[in-house]
Amino acid sequence: MKNDILYPVVMSKEKGGYFAQCYDYEEIYAEGDTIEEALKNIKEVFGLIFYDFEEDEYKKASNIEDIMKELKEGEFVVYVNVWLPYEFSKVKVVNTKKTLTIPNHLNMLGQYKNINFSKILTEALEKELNVK
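Numbering follows my numbering, with no gaps: position 80 of the sequence shown is 80.
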């Protein structure tokens with residue numbers, strides 16, 4: 001499996017945000033309040049669409065210089081690099097068992113209060129990594 005894909009994405013400012021569409025796959029598009037959010041969202045769409053593709057079905061990315069000749073006013077093009085294993089992992093959530101070490105007194109208090117350690121660790125990692 002290919003780990004990374006790189007495709008040109010045409011972006012434009014819309015009312016209240018940005019619209020992003022993959023030039024080579026018209027069904028891959030997203031929007032966001034900021035450029036960064038639109039790009040993050042389109043990576044997720046790439047993951048959803050490519051999840052069911054075989055690698056030999058991937059289209060060759062168009063030349064960005066050719067695309068720039070076709071842009072309408074207010075549009076710009078960027079390359080989007082998508083790390084497929086990560087995006088695929090979000091399509092089907094699989095939990096991974098981790099062994100960790102914590103202070104004994106926290107373990108005892110957590111067990112006494114019926115704390116779900118996995119839930120707490122997951123929430124803390126999501127916050128630290130700024131992911132949902």
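The hints are simulated quantities; they were obtained by calculation from the structure and are not laboratory data. Just so you know, even glycine gets a beta-carbon here, dropped at the ideal spot from N, CA and C. Take the hints with a grain of salt, since some may be wrong.
Said to hold, decoys possible - In silico lysine-lysine, BS3-like type, Cα no more than 27 Å apart, as pairs:
{"id": "1", "residue 1": "K59", "residue 2": "K92"}
{"id": "2", "residue 1": "K72", "residue 2": "K59"}
{"id": "3", "residue 1": "K92", "residue 2": "K13"}
Said to hold, decoys possible - Label-pair distances were calculated between CB atoms; the ranges are:
{"id": "4", "residue 1": "K97", "residue 2": "E65", "range": "26 to 34 Å"}
{"id": "5", "residue 1": "K15", "residue 2": "F117", "range": "15 to 23 Å"}
{"id": "6", "residue 1": "I120", "residue 2": "D66", "range": "46 to 54 Å"}
{"id": "7", "residue 1": "Y79", "residue 2": "A124", "range": "28 to 36 Å"}
{"id": "8", "residue 1": "D24", "residue 2": "N3", "range": "55 to 63 Å"}
{"id": "9", "residue 1": "E44", "residue 2": "A124", "range": "44 to 52 Å"}
{"id": "10", "residue 1": "E26", "residue 2": "L109", "range": "48 to 56 Å"}
{"id": "11", "residue 1": "S12", "residue 2": "D66", "range": "12 to 20 Å"}
Hints and how they fare:
Proximity of K59 to K92 is assessed by CA-CA distance (about 24 Å); at most 27 Å being required, the pair is judged to hold. A distance of roughly 24 Å separates the Cα atoms of K72 and K59; the hinted pair therefore holds under the 27 Å criterion. Our distance criterion of 27 Å between C-alpha atoms is broken by K92 and K13, whose separation comes to about 32 Å. A beta carbon spacing of about 48 Å between K97 and E65 contradicts the range 26 to 34 Å that was offered as a hint.
Between K15 and F117 the CB atoms are about 45 Å apart, so this pair departs from the stated range of 15 to 23 Å. With their beta carbons about 51 Å apart, I120 and D66 fall inside the hinted range of 46 to 54 Å. For Y79 and A124, the hinted distance range of 28 to 36 Å is satisfied, since their beta carbons lie about 33 Å from each other. Between D24 and N3 the C-beta distance comes to about 19 Å, which lies outside the given range of 55 to 63 Å.
The given range of 44 to 52 Å is broken by E44 and A124, whose C-beta atoms sit roughly 22 Å from each other. The hinted window of 48 to 56 Å between E26 and L109 holds, with their beta carbons roughly 55 Å apart. In this structure, S12 and D66 meet the distance hint of 12 to 20 Å, their C-beta atoms being roughly 18 Å apart.
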